[in-house]
Amino acid sequence: MGLANRSLVTIDDLSNAEIEALFSLADKMAVSLEKQFNLCQGKIMASLFFEPSTRTRLSFETAMHRLGGRVISAVNVGETSLAKGESVADMARVVGSYADIIVIRHPWEGAAKVVADYAGVPVINAGDGGHEHPTQTLCDLYTIKKEKKTIRGLRIALWGDLKYGRTVHSLAYALARFGATIHFRAASGLEMPDYVKRKLTTEYKGRLEEYETLDDVVKERPFPLDAIYLTPSSPHQLANIPSVSLQIELAKGVDALYVTRLQQERLNAEAEEKEMKNDYPVVDKKLLKKKEFRETVVLHPLPRVDELAYELDVDPRSMYFKQAELGVPIRMALIALLLGAKEIATPRKEESFTQPKEYALYQRETGVRCTNRQCVSAQKTEKGYIKPQFKIVSCRPLTLRCIYCDHEIFPPCIASSHWHEGRLVSKRYHSADSHMVRKIRPEHLMIFASAKDAEAHGFKPSSYAQPN
Amino acid sequence: MGLANRSLVTIDDLSNAEIEALFSLADKMAVSLEKQFNLCQGKIMASLFFEPSTRTRLSFETAMHRLGGRVISAVNVGETSLAKGESVADMARVVGSYADIIVIRHPWEGAAKVVADYAGVPVINAGDGGHEHPTQTLCDLYTIKKEKKTIRGLRIALWGDLKYGRTVHSLAYALARFGATIHFRAASGLEMPDYVKRKLTTEYKGRLEEYETLDDVVKERPFPLDAIYLTPSSPHQLANIPSVSLQIELAKGVDALYVTRLQQERLNAEAEEKEMKNDYPVVDKKLLKKKEFRETVVLHPLPRVDELAYELDVDPRSMYFKQAELGVPIRMALIALLLGAKEIATPRKEESFTQPKEYALYQRETGVRCTNRQCVSAQKTEKGYIKPQFKIVSCRPLTLRCIYCDHEIFPPCIASSHWHEGRLVSKRYHSADSHMVRKIRPEHLMIFASAKDAEAHGFKPSSYAQPN
Amino acid sequence: MGLANRSLVTIDDLSNAEIEALFSLADKMAVSLEKQFNLCQGKIMASLFFEPSTRTRLSFETAMHRLGGRVISAVNVGETSLAKGESVADMARVVGSYADIIVIRHPWEGAAKVVADYAGVPVINAGDGGHEHPTQTLCDLYTIKKEKKTIRGLRIALWGDLKYGRTVHSLAYALARFGATIHFRAASGLEMPDYVKRKLTTEYKGRLEEYETLDDVVKERPFPLDAIYLTPSSPHQLANIPSVSLQIELAKGVDALYVTRLQQERLNAEAEEKEMKNDYPVVDKKLLKKKEFRETVVLHPLPRVDELAYELDVDPRSMYFKQAELGVPIRMALIALLLGAKEIATPRKEESFTQPKEYALYQRETGVRCTNRQCVSAQKTEKGYIKPQFKIVSCRPLTLRCIYCDHEIFPPCIASSHWHEGRLVSKRYHSADSHMVRKIRPEHLMIFASAKDAEAHGFKPSSYAQPN
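Chains as they are written, first to last, in this note's numbering: chain A, 11 to 478; chain B, 11 to 478; chain C, 11 to 478.
Some hints could be false.
The list cannot tell twin chains apart, which means a pair is met if one copy fits it or any two copies do.
[Unchecked claim] The list that follows gives simulated cross-link-like pairs (lysine to aspartate or glutamate, EDC-like), each with its CA atoms no further than 20 Å apart:
(1) LYS367 / GLU453
(2) LYS367 / GLU259
(3) LYS437 / GLU157
(4) LYS397 / GLU321
(5) LYS332 / ASP37
(6) LYS390 / ASP316
(7) LYS207 / GLU219
(8) LYS296 / GLU213
(9) LYS393 / GLU201
(10) LYS397 / GLU305
(11) LYS207 / GLU305
(12) LYS332 / ASP127
(13) LYS173 / GLU465
(14) LYS159 / ASP463
These are computed hints drawn from the structure, not numbers from a lab.
Looking at chain A on its own, in the form it has when it is part of the complex (with noise of 0.2 Å):
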């Protein structure tokens, strides 16, 4: 299938063969990056920019340019139109009958879908609240890739924010995908958020260990490891790793450090933030100079604040200049195939760890709701028409992911729409944590968010109603 009039949402729209052409891509457009300027002649790029970023905003526009492409731009939006409670559907579907793709930074969670869904052109999320980022992500991706030659087995450590910011997030899924090693080290109080955590584990099949700062294993290193993510490429790694044969694997040392800022800006308060910067990890030509690092190239999304010293501008390892130069012909190639532009080849044979899984769909209205304050589906001017869904990523316990925004919530009450039709005696609920979770096939479950929402339904509580 090729990419043509498709979107890109999250990193898993694309396929690990799909990346790889991508990339090959780029480096075909950098070679010559002027010579592309008839590639997209005519065609329009609405580049619309809820949330300040003039970064991204300039890299994706530069791409435009470079592929003779126009540019309508709206930055700010958030002061605008939105002042005037219109809907991020109802924009989607204006600024598609304008352009020819659309790119979006929006701070809400699930924004980016809400516009691929109604835009009827090609979209790219530039990045949608704490959620995602993917075209970072690629970056991220073809500088290490560029370097290292490959992805596969490479031991790359993510350090500092790893809570809100969303680059790591889906930098770690790709990482999973590809087959490399992750070694968190988070800022206190910033560690990877939980559903992250599980996606790792249970879709991509690597192995999570974590450790408690102290743990013998980690607190003589350079740097004291949350985590580390073992993926399942290295088969011996799948074993169970006794405390010994880490240390081995933590004295080949590190191929990347990934740095990240503190997203002050989505700090709740003052305090929090002064307490953050104590004890935020540092990256300096001290630290490169441990033998770990010796070949460790540095990767930063920018900003920096003061998480990455200047000193190592003029060193050979940091790549964080070359990673935002690298982003222009990324966001080229991924433009053009996009824009249908390009063609990508046939992807050979996938190579990824893992299938996307394919879960069930949640899609009754019963009351259950994204309790993300952040997720488009929860806001005021697009609840009238966005039906919240879910997938059912897991029953022990009942795990529902937002469709949106991948957050995810665990109901407590669950019935079956089937067993009682007609018989209101019957209109029982139960526990989602008890055994009937299972017994009630998908296609019948009807899922609550509390048991007076159960009850509002006109269901009582079965004798599995209370949590075992």
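Chains B and C: place on chain A using the hints.
Same frame as chain A, now just chains B and C:
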């Protein structure tokens, strides 16, 4: 006369024949949007938005890009050069020396006319306060015409905020000019302003029937009417229509329903907003099921808030997204014509029911000023060079229409510059209500904003100085 | 040396011959603006405005579009990436990897130099705080030259805000370089800063006569002068001019009058603003009737406020709109040259009366810092990588000029790094006022911001430590 080098400040700047020719050109362009790419190569459009409006701006910029031209763009300019105290005229002259055509949106009513007066290049009004927004009107008309093949004789309902919605003012004039019958259904407190109604009846020669909400004729309708404008194009309607025949007329249904949102940003206080919202008419599936609406196309200038239900989006009668889409070829055609890149065929015989009226102009500096606080001529930075000017649109009562914002004033006192020449004793002023207003020849007419004002100019009250 | 790949940070970055060659190219381009459309096809200009300036930005963007190039644009960037704490250097490196040329406006003085140092592509300073705005100066000079055929020997008056108006600083230097005589007429409290006057007399070798407002020589003039800068190009003026001959000189009239507005945004308080406004010189019809102004062209960088009457707009001597218009071909020529799309003929023999002075550089880290709070080197985000550097422009008193913002500081203490080598007892510091400043060889000079500072570096006061 061709359109090259002309400006579009109000919808009246185009004759009916020119509008129809513009529509034909838009038809041709819409067929092959991508083949227009050479028309305006090397031309530059300045897109100056002193008020937020992502949608309209992007539509214009898309149009220029599809023509192969370039765009320089200033958004939220209100916060930049205006802060330095620059006048609209200076801005117009400077930008006019950069660009080949200017698109301007400005909060001051009449600002687009000032830009057109000073820029030296064609200017398109993209909305000046609550005054006019002629390209929106062109899109509205064009959409109706494409769906219904003609405007003449159609029954078109205007709903919602008829007071602050500038798009409905321009549209009402245009519909009258093309011979449509208009049904007004205002939210309470947001009725069509008097000056618009006056213009409709005096200049476009139709007849306006106004109703109380509880009138028998209208209260049973699916929607209560405020007023109906009967076009002179259906001659029988010119007769005094008894309730019965109006009933028959109404039973014929509505060809197009034009819905507008509450212009919250122009309301004075939150309290006012709250009240308005409660009574605002809502268009939904249920309404459109009524037989009067069976073949009604639904239009809306967007953005919508709650007045138009999302459930209608899939209804084939919904035209609002198509309306936005058609804005691009309409604006392409307009830009190409004003830049002289295209010419229109010689207009056929005018089909308008009205020829633009030629009113006498009042230009004396006797202290009469426009009382509209949003008028460009009333602004501190503009007073230094803008001289108040008015059209004398009526003598009974004496009515002056500001040439900038079209608002009307009713000055109380007049005098003649002729009778008293040299003889102080005969310097007398009269009430504007008296028959003297018809005795003084237009070229001698002096008009004062108050008796005090007249006296300050050395006049004494005549025996006709009291209003009768 | 060609201009390709060079930057324009201050007007001194161009030699007189280069400026004249640039003017010739602008002349050619102005004749056929539309034929330049192929010169910069495929090139991208980044237009980065950290301070609002619609006019200048649109002028640059127009220029690039007329050359066929593309523009990526970031307006009010201050509110975006800066909020994330990014440094100017990082921003420059990233944008420099996207675009082929950068135009930067920034509130910090010296910021454009930092961008030029790091971007890796040509950079044009579009105004850095109150420091320089060299392309405005080029437009000013170009307009005068087009009207008067030459700059040499002209009498040019600078009026208004000579303190905060960065355009008049650059212009004064340029006029001096081209051999004009300058009449200063500042609004009270807004006199030309000392460092500008010092530069005029020391580097451009002219002579500055300063006056009290009530001096006989100047008080009878249509406008009271603060000072007159006599160019060395008219040799007789180098003699000490008695009042009488100055009278004669002044009677010759003014060739050009350069008016500036009050830079309200740089004033500290409302009170200050009010006071300034009362005394601000106004240029109007009445003034221009005086015989000294009979052939005076009137210039203004715009926007104007009240200092320039609208009644002058129709006067053929008014050049301010033409000045804005000529900005486009000037900027086209400049961009084309820096991008190497055009080359200038080998400069003729330099006609400048001054060769750029080569000052010794002071780069030691002895705690001496620029005291200008607007200097880029003084900003929190920039201190991490910018090392203070100064030109030693005078020894008596010891004067250091910041290489970023050109502000001057007068450090009180000095020492020699040579004399005390190894011998702690001879580590002595001296007053910068003493003759020691001339005895220490530049390469050994150590400079301290205070006696305390010197002592902190281990020096003790010498017998020359007290200022004499």
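Exercise. Checked against the structure, which of the hints given earlier come out wrong?
Worked result: 2, 3, 8, 9, 10, 11, 13 and 14
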